[in-house]
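Student: Each protein sequence line maps, in turn, to chains A and B. Going by the working numbering, the first sequence opens with residue 121, and the numbers climb by one from there. Going by the working numbering, the second sequence opens with residue 3, and the numbers climb by one from there.
FYI, nobody ran anything at the bench for these hints, they're computed from the structure. Note that the coordinates shown come from a computational prediction; the quantities given were computed from them, not determined experimentally. From the three backbone atoms N, C-alpha and C, an ideal C-beta is built for every residue, glycine too. Treat the hints loosely; a few may be bogus.
[Stated by the list, open to error] Derived DSBU-like pairs (lysine-lysine); straight-line CA-CA distance at most 30 Å:
no.: 1; chain 1: B; residue 1: 31; chain 2: A; residue 2: 183
no.: 2; chain 1: B; residue 1: 28; chain 2: A; residue 2: 195
no.: 3; chain 1: B; residue 1: 24; chain 2: A; residue 2: 139
no.: 4; chain 1: A; residue 1: 139; chain 2: B; residue 2: 31
no.: 5; chain 1: A; residue 1: 183; chain 2: B; residue 2: 28
no.: 6; chain 1: B; residue 1: 94; chain 2: A; residue 2: 183
no.: 7; chain 1: A; residue 1: 197; chain 2: B; residue 2: 24
no.: 8; chain 1: B; residue 1: 94; chain 2: A; residue 2: 139
no.: 9; chain 1: B; residue 1: 94; chain 2: A; residue 2: 195
no.: 10; chain 1: A; residue 1: 197; chain 2: B; residue 2: 94
[Unchecked claim] Stretches of chain B that chain A covers, calculated by requiring three or more beta carbons in the stretch to come under 8 Å of a beta carbon on chain A:
no.: 11; stretch: 53-62
no.: 12; stretch: 93-103
no.: 13; stretch: 137-149
Chain by chain, the residues:
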Amino acid sequence: MRTVGYLAIGILFGITMFKSEAASWFRIYEMFRFESFHMYGIIGSALVIGVLMVQLIERFNIKSFYGEEINFPPKAKSVARYAIGGLIFGLGWGLAGACPGPIFTLIGAGFLPILVVLVAAMLGTFLYGMLRDRLPH
Amino acid sequence: MSSNLRTLCTICGAGGASDFFKFDWKTQKWNLVVVMGAIIGGFIGANFLAIDTIVAINPDTVANLNSLGFSSAGQAYMPTELFDNAAFTDFKSLVILAIGGLLVGFGARYAGGCTSGHAISGLSNLQLPSLIAVIGFFAGGLAMVHFIFTLLF
Numbered sequence: 121m122r123t124v125g126y127l128a129i130g131i132l133f134g135i136t137m138f139k140s141e142a143a144s145w146f147r148i149y150e151m152f153r154f155e156s157f158h159m160y161g162i163i164g165s166a167l168v169i170g171v172l173m174v175q176l177i178e179r180f181n182i183k184s185f186y187g188e189e190i191n192f193p194p195k196a197k198s199v200a201r202y203a204i205g206g207l208i209f210g211l212g213w214g215l216a217g218a219c220p221g222p223i224f225t226l227i228g229a230g231f232l233p234i235l236v237v238l239v240a241a242m243l244g245t246f247l248y249g250m251l252r253d254r255l256p257h
Numbered sequence: 003m004s005s006n007l008r009t010l011c012t013i014c015g016a017g018g019a020s021d022f023f024k025f026d027w028k029t030q031k032w033n034l035v036v037v038m039g040a041i042i043g044g045f046i047g048a049n050f051l052a053i054d055t056i057v058a059i060n061p062d063t064v065a066n067l068n069s070l071g072f073s074s075a076g077q078a079y080m081p082t083e084l085f086d087n088a089a090f091t092d093f094k095s096l097v098i099l100a101i102g103g104l105l106v107g108f109g110a111r112y113a114g115g116c117t118s119g120h121a122i123s124g125l126s127n128l129q130l131p132s133l134i135a136v137i138g139f140f141a142g143g144l145a146m147v148h149f150i151f152t153l154l155f
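Starting from the given sequences, assemble the full structure and let the hints guide the process.
Tutor: This is the structure:
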């Protein structure tokens with residue numbers, strides 16, 4: 121039953137990514153050139169709803185569908201890992217025009233060369249795992 | 003979303019190479035189900051919910067992309083130069099896609115999250131680390147599009 125729920129959320133996410141054009145390489149390029157409000161509207165409205173939901177969940181101690189506590193564990197404090205890692209991610213985001221979510225959506229939409237991006241992203245993740253102990257965190 | 007890349011590495015046997023990949027991937031099954039959904043959603047969106055999928059970007063962006071050699075700007079969902087099946091046999095396209103993916107995968111794990119984890123979830127929870135990461139995302143994207151693109155294309 122839970123699996124059905126997760127699948128439904130994924131499908132909704134995928135449709136939203138595709139139909140909102142957030143999965144389009146062109147929209148990402150346009151965003152980084154500040155030539156349209158489009159992507160800022162998508163991220164911004166998701167953020168407004170997100171902030172509101174987190175506040176409501178914490179204020180009223182709202183439980184999950186299954187009656188479980190919803191926790192928001194704070195992320196580890198650091199500057200280096202977020203700044204450097206973020207910069208590297210951004211370079212890739214600008215070049216491939218896709219972040220991890222849309223990578224999956226684009227596979228379904230039939231843009232098969234995105235598989236090259238997916239395999240390379242897995243390789244990048246693997247590389248991070250190998251170098252992790254030698255990187256500043 | 004990006005943590006699924008780590009899970010996929012573990013499923014492929016990366017646990018033998020680094021402790022970072024030594025975990026029970028079955029605990030992440032729910033997240034892989036969401037990914038399955040995201041793929042199906044992309045299929046549904048492209049095949050059943052679209053009359054035409056042309057992305058109407060700003061004419062200034064189109065002109066800029068045309069000058070860089072992207073003739074499909076304003077006429078397609080994705081640049082055909084990179085995402086048509088012909089890209090599989092074009093060396094430059096393959097290199098661009100591979101380097102882009104490599105940076106996305108490496109950077110997302112180093113930063114501990116991607117657009118969904120930091121820009122949406124992390125910022126929703128007003129986390130300072132996520133703000134630093136998102137500033138990094140944008141700094142990287144701006145550098146790529148405004149400086150490195152003119153060298154690449």
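Student: Hint by hint, say whether it matches the structure.
Tutor: Results for each hint:
The suggested pairing of residue 31 (chain B) with residue 183 (chain A) holds, with an alpha-carbon distance near 22 Å, which does not exceed 30 Å. Only pairs whose Cα atoms come within 30 Å are accepted, and residue 28 (chain B) paired with residue 195 (chain A) is accepted, the gap being roughly 23 Å. Taking the CA atoms of residue 24 (chain B) and residue 139 (chain A), the gap is near 37 Å; set against the 30 Å cutoff, the hint is violated. Taking the CA atoms of residue 139 (chain A) and residue 31 (chain B), the gap is near 26 Å; set against the 30 Å cutoff, the hint holds.
Restraint check: the Cα-Cα separation between residue 183 (chain A) and residue 28 (chain B) comes to about 24 Å, which is no more than 30 Å; the hinted pair holds. Distance restraint check for residue 94 (chain B) and residue 183 (chain A): the Cα-Cα separation of roughly 50 Å exceeds the 30 Å cut-off, and the hinted pair is therefore not satisfied. Between residue 197 (chain A) and residue 24 (chain B) the CA atoms are separated by roughly 24 Å; this keeps the pair inside 30 Å, and the hint holds. Distance hint between residue 94 (chain B) and residue 139 (chain A) is fulfilled; the C-alpha atoms sit about 29 Å from each other, no more than 30 Å.
Among the hinted pairs, residue 94 (chain B) with residue 195 (chain A) is inconsistent with the structure: their alpha-carbon atoms are about 38 Å apart, more than 30 Å. Distance restraint check for residue 197 (chain A) and residue 94 (chain B): the Cα-Cα separation of roughly 39 Å exceeds the 30 Å cut-off, and the hinted pair is therefore not satisfied. As drawn, the stretch 53-62 of chain B meets chain A at 4 residues by the rule of a beta-carbon pair under 8 Å; at three or more, the given contact holds. For a cut-off of 8 Å, the count of residues in the stretch 93-103 of chain B with a CB near a CB of chain A stands at 8, and the three-residue condition holds.
Chain A is given as covering the stretch 137-149 of chain B, and this holds because 12 residues of the stretch bring a CB closer than 8 Å to a CB of that chain, at least three being needed.
Hints 3, 6, 9 and 10, counting from the list given before, are not met by this structure.
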